[in-house]
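Protein chains: 2
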Amino acid sequence: MTTLRDIGVSALINILGTIFSLVGFMALSLQPMNDRVYKPKLYLKGVLRDSPSSTSRNNNNSHRYFETDFRQYLWSFSWVAAALRMPEENLIEHAGLDSVVYLRIYLLGLKVFVPMTIIGMVVLVTVNVGAGFLDDNATTQSTTSTNTNDTASSSNTTQLVFSGIDKLSISNIPDGSPRLWCHLIVSYIFTAWTCYMLYLEYRTITNMRRRFQDDDHRRPDQFTVLVQQVPRQFDESIHIQVDDYFKRNHPEYYLTHQLVYNANKLSKFVRKRERIRNWLAFSQLKLSREAMTPTTRPYCCGCCGGQVDAIQYYSSQIEELTQKAEAERLVILDDPKRTMAAAFVSFKSRWGAAVCAQTQQNSNPTVWLTQWAPEPRDINWKNLAIPYMQLTCRRVFVNIGVFLLVFFFLVPVALVQSLASLTGIQSTFPWLSKVLQQQFFASFIQGFLPGFILKLFTMVIPYLVTCFSAIEGHVSLSRLETTAATKFYYFVVINVFFGSILTGSAFSELQLFVGQSSLVGILKTLAVTIPMKASFFITYVMVDGWAGPAFEILRVIPLVSYHLLNSFFVKTEGDKIKAMSPGTISLSTSLPQLELYFLMGLVYSVITPLILPFIVIAFLIGFIVYRHQVINVYDAPYESAGGFWPHVHGHIIAALIIEHLTLIGLFLIQGPISFGVISSDTGTTLVGKILQYCKEALSSTPFMVALPIFTMIFHNQCKKRFEPAFKRIPLEMAVKKDLEDKAKEPRFSLAVFLRNAYKHPDFSDEIDNTPDVEATNKSPIIEDNLSEASNRISSTVSSKTVV
Amino acid sequence: MTTLRDIGVSALINILGTIFSLVGFMALSLQPMNDRVYKPKLYLKGVLRDSPSSTSRNNNNSHRYFETDFRQYLWSFSWVAAALRMPEENLIEHAGLDSVVYLRIYLLGLKVFVPMTIIGMVVLVTVNVGAGFLDDNATTQSTTSTNTNDTASSSNTTQLVFSGIDKLSISNIPDGSPRLWCHLIVSYIFTAWTCYMLYLEYRTITNMRRRFQDDDHRRPDQFTVLVQQVPRQFDESIHIQVDDYFKRNHPEYYLTHQLVYNANKLSKFVRKRERIRNWLAFSQLKLSREAMTPTTRPYCCGCCGGQVDAIQYYSSQIEELTQKAEAERLVILDDPKRTMAAAFVSFKSRWGAAVCAQTQQNSNPTVWLTQWAPEPRDINWKNLAIPYMQLTCRRVFVNIGVFLLVFFFLVPVALVQSLASLTGIQSTFPWLSKVLQQQFFASFIQGFLPGFILKLFTMVIPYLVTCFSAIEGHVSLSRLETTAATKFYYFVVINVFFGSILTGSAFSELQLFVGQSSLVGILKTLAVTIPMKASFFITYVMVDGWAGPAFEILRVIPLVSYHLLNSFFVKTEGDKIKAMSPGTISLSTSLPQLELYFLMGLVYSVITPLILPFIVIAFLIGFIVYRHQVINVYDAPYESAGGFWPHVHGHIIAALIIEHLTLIGLFLIQGPISFGVISSDTGTTLVGKILQYCKEALSSTPFMVALPIFTMIFHNQCKKRFEPAFKRIPLEMAVKKDLEDKAKEPRFSLAVFLRNAYKHPDFSDEIDNTPDVEATNKSPIIEDNLSEASNRISSTVSSKTVV
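Protein chains in written order, with my numbering: chain A, 151 to 953; chain B, 151 to 953.
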């Protein structure tokens with residue numbers, strides 16, 4: 151259906167879009183007034199800072215903030231070099247290990263697919279084009295060869311017209327041709343290469359994680375264990391219970407514990423006080439600048455009531471709220487019902503914590519559950535005290551929900567896609583048919599629209615899966631995001647990948663798929679339809695993988711919202727930092743998208759290698775863009791030390807196995823492969839006879855069946871070898887660190903260090919939501935790397951007129 | 151094919167066989183000379199003992215050892231009462247927890263199937279017989295109803311003649327009959343009942359296990375951890391390495407360790423010395439009795455060479471071997487290559503051991519692997535030091551081997567069974583056809599032979615799967631046996647159960663099954679064939695479950711071998727104990743057989759409830775027989791505290807799910823079930839309309855699909871709730887026991903207690919293979935229970951004339 155021309159149109163649109171976005175980014179990011187949009191991370195890290203005067207409202211003199219030095223525009227591609235220049239170790243320090251591991255997935259994509267592209271384009275395309283099956287077939291009305299096939303496959307093959315790119319694909323090879331041995335061998339090479347790369351990657355990331363955890367800083371989560379499902383007893387408070395239990399069972403290592411309170415009401419007071427503090431700061435600023443007492447109205451958010459002195463009013467409000475919060479705090483501490491059945495238990499040494507986190511405490515395995523405490527920022531406070539039975543029920547319901555979402559989302563997608571197809575639009579809106587008969591519009595609809603619709607539908611799901619994961623009751627945000635990513639991956643594989651393959655052009659396949667076809671039949675159906683959908687996925691990769699990152703780097707929404715906020719609402723420095731909205735890498739959506747590229751690349755690597763260069767470009771653009779973003783923009787909300795990697799690894803392995811199953815289906819259709827020249831030429835010699843015998847005895851399918859088995863074995867080995875590093879902390883490592891600590895600081899008071907580490911964020915007296923810019927140690931190397939940007943900033947700042 | 155008459159013949163044969171075996175057992179077991187055959191356990195426990203003179207050869211006056219008191223024969227059924235009388239707690243003390251848990255599986259079978267039998271026979275059989283579909287069908291040549299079915303199923307239904315028992319089964323109900331709602335509801339009741347019973351059982355066994363582990367005895371395995379994969383270093387011995395490692399990583403709890411040596415050569419010496427010691431004892435006995443110096447020849451096992459004084463010769467030989475063994479022992483201790491890369495590490499407290507066994511030690515998860523040490527008797531010494539990579543390879547190969555065994559064993563079974571069918575025999579041996587035309591022989595071949603052939607084939611497999619498990623490298627015998635049982639279960643389910651269903655009468659189904667039928671098609675095929683094979687499985691249950699235990703209790707082989715050995719070879723008391731060969735429950739074969747009864751019972755419970763009474767009787771006979779055997783005969787070689795139960799639970803759950811899948815297939819064939827009377831009568835009212843609507847919207851399949859899902863959820867809950875008790879020891883329990891120990895015996899030296907606990911059995915200086923009869927504490931309660939038997943023994947012994 152889709153021709154090379156359609157792909158060309160789509161490529162043109164996407165390339166234009168990509169270039170437009172990048173040019174836009176380069177132009178906008180050079181303007182100093184956009185620095186807080188395009189380099190918020192540097193502000194948060196304290197590398198960049200405004201001149202003192204710029205904290206005031208300055209929208210009326212924003213023309214001073216345009217870049218006027220045109221030499222800068224000539225150097226506009228320097229951001230690429232800057233993004234790539236920072237070494238990995240510094241990047242870990244600058245942005246955390248999570249971001250680095252995330253970027254390494256792009257690198258892995260390049261490592262896997264660049265050699266594949268070369269082999270695919272050189273070897274496979276040559277072999278495919280040389281076969282010339284489709285040309286012959288088209289002339290002979292495609293009746294002779296398909297008779298030998300399975301009924302379902304042959305009918306499809308003949309019904310659907312082959313497009314230009316199919317001539318470059320495996321479809322161009324006649325059944326049983328000896329050329330297929332080449333594909334078989336290449337599929338082994340590709341699998342082996344992917345596995346080898348995955349192994350190296352897993353090893354590297356494991357080592358990085360170990361090194362990261364083994365670094366010099368003492369962190370509270372190294373000494374602390376989260377205890378859940380403390381059984382409630384009527385006569386004792388949770389406090390005493392926890393204390394007794396751990397004093398008894400870990401007599402020599404137990405240090406202290408912190409209870410978890412239900413502080414929702416307190417949070418309300420604290421947030422309100424925070425808001426008023428902000429207003430107070432604004433009023434004080436106004437006073438200092440305008441030399442006139444600012445006033446406000448006490449009711450309805452400053453709209454009703456008589457005018458009062460703002461500073462005085464806000465101060466009294468803060469006073470009142472502080473008293474209320476203090477009272478609430480006392481109530482919480484007093485009321486045993488507000489104490490949740492969970493606690494953070496800290497130990498005197500890493501060894502003690504490791505032991506407690508990694509063993510079963512109670513003979514009833516549903517109470518006193520221990521696990522490593524997430525780092526304080528990573529805690530999902532709301533989920534800490536869900537009872538065991540409720541947790542189980544929630545998980546069951548979420549699983550059912552995910553199942554329904556994954557398997558019954560097909561229906562609307564298929565509906566909309568069939569509506570948006572050329573024939574669908576023509577039949578729904580007959581008056582449009584004239585427009586549609588123009589080549590360009592037709593190509594637009596065929597090439598661009600299905601991918602775009604898919605993208606739209608896909609955009610709703612992340613919120614849904616995150617919601618599902620939140621309901622599941624994970625105690626850490628990182629775990630929540632990883633499980634949401636896994637759910638989203640299932641969704642993407644079933645709906646985006648298989649859904650597009652089975653519904654887009656051949657909707658009747660769905661019925662065939664669900665209704666009555668056998669296992670083998672399903673594989674065959676896939677094998678027939680997959681080559682035909684290559685052009686669609688090429689379009690998809692261009693929309694999602696080329697234009698997507700380019701649009702991401704442009705940061706349209708933060709740009710607009712920052713300038714809007716800055717013009718009208720920003721009152722204090724804190725507001726300005728809030729208005730920057732640096733954002734984060736949303737792992738729950740980014741990971742499945744990346745994994746989808748792996749899936750497409752692997753499945754099509756042997757079938758239609760033409761897709762590979764598009765994927766390589768997508769990985770390349772993504773790598774550069776996200777490296778830039780990680781350095782300059784994103785602010786990681788927590789650090790899980792690459793804890794999501796095992797999931798990514800598993801999903802890539804799943805992609806490999808889907809590839810193998812597709813190939814099995816393909817070779818099943820193709821029937822036994824002949825040995826070609828060899829067997830017919832040397833039929834009389836002994837070797838020839840043996841080959842003849844082999845030819846009869848062997849089909850290619852058994853060779854293919856071995857591949858998924860090998861892949862599974864490889865996966866299990868990786869799991870055994872590396873996964874423990876993501877789940878447990880070995881005692882040897884704990885002892886080593888304990889001894890080092892002792893030698894370095896023999897008098898360090900751990901109790902003081904841990905005292906408030908796991909306090910509810912709204913529970914401490916002094917709350918400061920603004921990130922502690924001064925306290926963050928800038929590493930000299932980062933400064934070095936960012937020197938160019940900051941130099942430019944300081945020079946432009948110095949040229950500004952102070953208001 | 152098989153009629154009720156065939157089953158009758160088979161039942162007759164089996165009942166006769168069973169009765170014959172039981173009568174034989176009762177007659178033989180009353181003879182005092184057979185006491186060592188039928189009550190070896192009591193000898194081993196020291197409850198029974200021979201009079202001193204009987205240790206000599208006494209075959210020439212064996213007539214004195216027959217029971218002559220005919221009142222005893224009248225009481226011959228007392229063994230049943232005696233077997234059932236002993237309370238469970240005493241049985242645990244007498245025979246160990248493993249045996250008790252094993253017996254509880256029979257009890258569970260009774261608990262599950264007795265209510266099912268009642269409901270099945272009362273409700274389902276009535277409903278089935280009342281439908282009368284097959285009668286109608288037979289008269290109308292079975293053409294009308296089958297047209298509506300799937301092609302495959304209808305052709306089978308019509309091809310295969312229905313037998314008498316099918317009228318009692320679900321086959322007798324026409325498609326879509328409202329009577330099927332009854333089966334649907336009953337299947338829910340049965341599943342719920344089975345799950346409830348399983349839950350209670352799992353809870354009970356978990357508690358028993360906890361109590362057993364929590365008892366007063368101090369056991370070496372509570373303090374000891376098995377460390378494997380100690381990385382070899384060139385400059386340090388394993389001894390120093392282990393010591394350093396655990397001193398560093400468990401500084402406060404590490405006590406000592408025992409190395410594992412490669413002592414194969416030493417074992418040879420020790421065994422030889424043992425043999426010669428036996429000869430020496432024999433010679434000394436001869437000397438004391440015949441008052442003449444016994445002689446022997448020094449070469450070729452006492453056949454060549456000149457006559458020498460036997461006692462002198464043997465003594466010198468023993469001396470020599472002792473020296474050799476000692477030298478070898480020194481060599482082993484000296485040569486670092488003979489030390490294996492594993493060790494038993496003991497800790498000062500249960501807490502320390504629990505921590506070490508249940509945590510990861512090294513950051514490389516493939517070295518310094520720790521696990522709870524099995525109890526000393528349970529260790530599989532040979533497998534202690536297999537390198538990690540070799541272990542992995544072994545597992546992969548064994549898995550492939552098991553897969554091949556499980557899935558390709560079908561072929562010979564099918565071949566032999568088709569040969570042994572009536573038509574098969576007639577075509578192979580035409581001269582037999584006259585004999586075969588006689589009703590009795592035909593019934594014999596149809597009813598008895600297939601089951602017997604299956605049994606024969608099944609008998610080879612246990613050795614094979616045990617061999618597979620041994621290769622897998624499990625360090626404990628209990629684990630070896632449990633994994634062998636799991637492998638055997640796979641084998642039994644696929645080959646015995648599905649193999650018989652799909653090949654026995656309809657060999658063509660196999661091709662249909664493997665070749666091209668879909669998932670749904672497979673279910674439908676099963677649903678068609680399963681009801682037809684009910685009679686076959688009834689036969690199988692009778693052969694295997696009725697005659698089997700009766701034959702087991704008869705102990706033909708031990709009886710013959712004991713008397714043969716006793717007549718010709720028994721020289722010393724040690725020999726006599728060896729000749730008793732008490733045997734054990736072979737879990738690797740018994741468990742899968744029991745699980746197969748569960749599978750048959752559950753699958754047929756709704757389809758052909760007639761099978762249930764046969765299974766109940768099998769469980770009853772098995773329970774009585776094995777309880778008797780456990781008390782009087784079997785000697786448990788090790789104690790795993792019911793460690794195999796989770797496997798049994800999982801396999802019964804698997805059986806439940808197979809039941810559900812079969813029922814789904816069945817209801818798929820039957821099509822949507824009508825609501826019968828209700829919908830047609832009340833068609834005009836509102837309720838009637840709603841019902842009408844439901845009737846159209848609903849089919850029975852969704853109801854059935856919920857069942858396996860619920861079962862899986864139930865299984866997961868059981869697993870989470872109870873399985874940890876079989877894998878880990880909670881720290882709370884360890885601390886409690888530690889404190890109790892300390893309070894009781896504050897000065898107990900654990901180091902002395904553990905010193906030789908984990909020495910290689912051939913490594914200690916003084917070897918005594920005879921079980922330590924005196925040392926075993928007889929509990930007064932057991933004695934009480936066994937008083938009857940021992941009284942009788944002592945009375946008969948006292949009446950004997952001393953030789």
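Worth double-checking, as some hints may not be accurate.
For chains that are exact copies, the list does not tell them apart, and a pair is met inside one copy or across any two.
Stated by the list, open to error - The calculated lysine-lysine pairs, modelled on DSSO-like cross-linking and capped at a C-alpha distance of 30 Å, are:
1) K397 / K474
2) K870 / K474
3) K487 / K870
4) K261 / K415
5) K487 / K877
6) K498 / K422
7) K261 / K397
8) K894 / K436
9) K397 / K317
10) K498 / K892
11) K870 / K892
12) K726 / K894
13) K894 / K728
14) K532 / K870
15) K894 / K584
Worth flagging that the hints you see were computed from the coordinates, not collected in a lab. Fair warning: this is a prediction, and the values are worked out from it, not measured in the lab.
Okay, the hints, checked on the actual structure:
| no. | hint | result |
| --- | --- | --- |
| 1 | K397 / K474 | neither (36 Å within a copy, 55 Å between copies) |
| 2 | K870 / K474 | neither (54 Å within a copy, 44 Å between copies) |
| 3 | K487 / K870 | between (43 Å within a copy, 28 Å between copies) |
| 4 | K261 / K415 | neither (52 Å within a copy, 53 Å between copies) |
| 5 | K487 / K877 | neither (33 Å within a copy, 35 Å between copies) |
| 6 | K498 / K422 | neither (38 Å within a copy, 57 Å between copies) |
| 7 | K261 / K397 | neither (52 Å within a copy, 44 Å between copies) |
| 8 | K894 / K436 | neither (50 Å within a copy, 78 Å between copies) |
| 9 | K397 / K317 | neither (73 Å within a copy, 68 Å between copies) |
| 10 | K498 / K892 | both (11 Å within a copy, 25 Å between copies) |
| 11 | K870 / K892 | neither (33 Å within a copy, 39 Å between copies) |
| 12 | K726 / K894 | neither (41 Å within a copy, 69 Å between copies) |
| 13 | K894 / K728 | neither (39 Å within a copy, 65 Å between copies) |
| 14 | K532 / K870 | between (33 Å within a copy, 24 Å between copies) |
| 15 | K894 / K584 | neither (81 Å within a copy, 98 Å between copies) |
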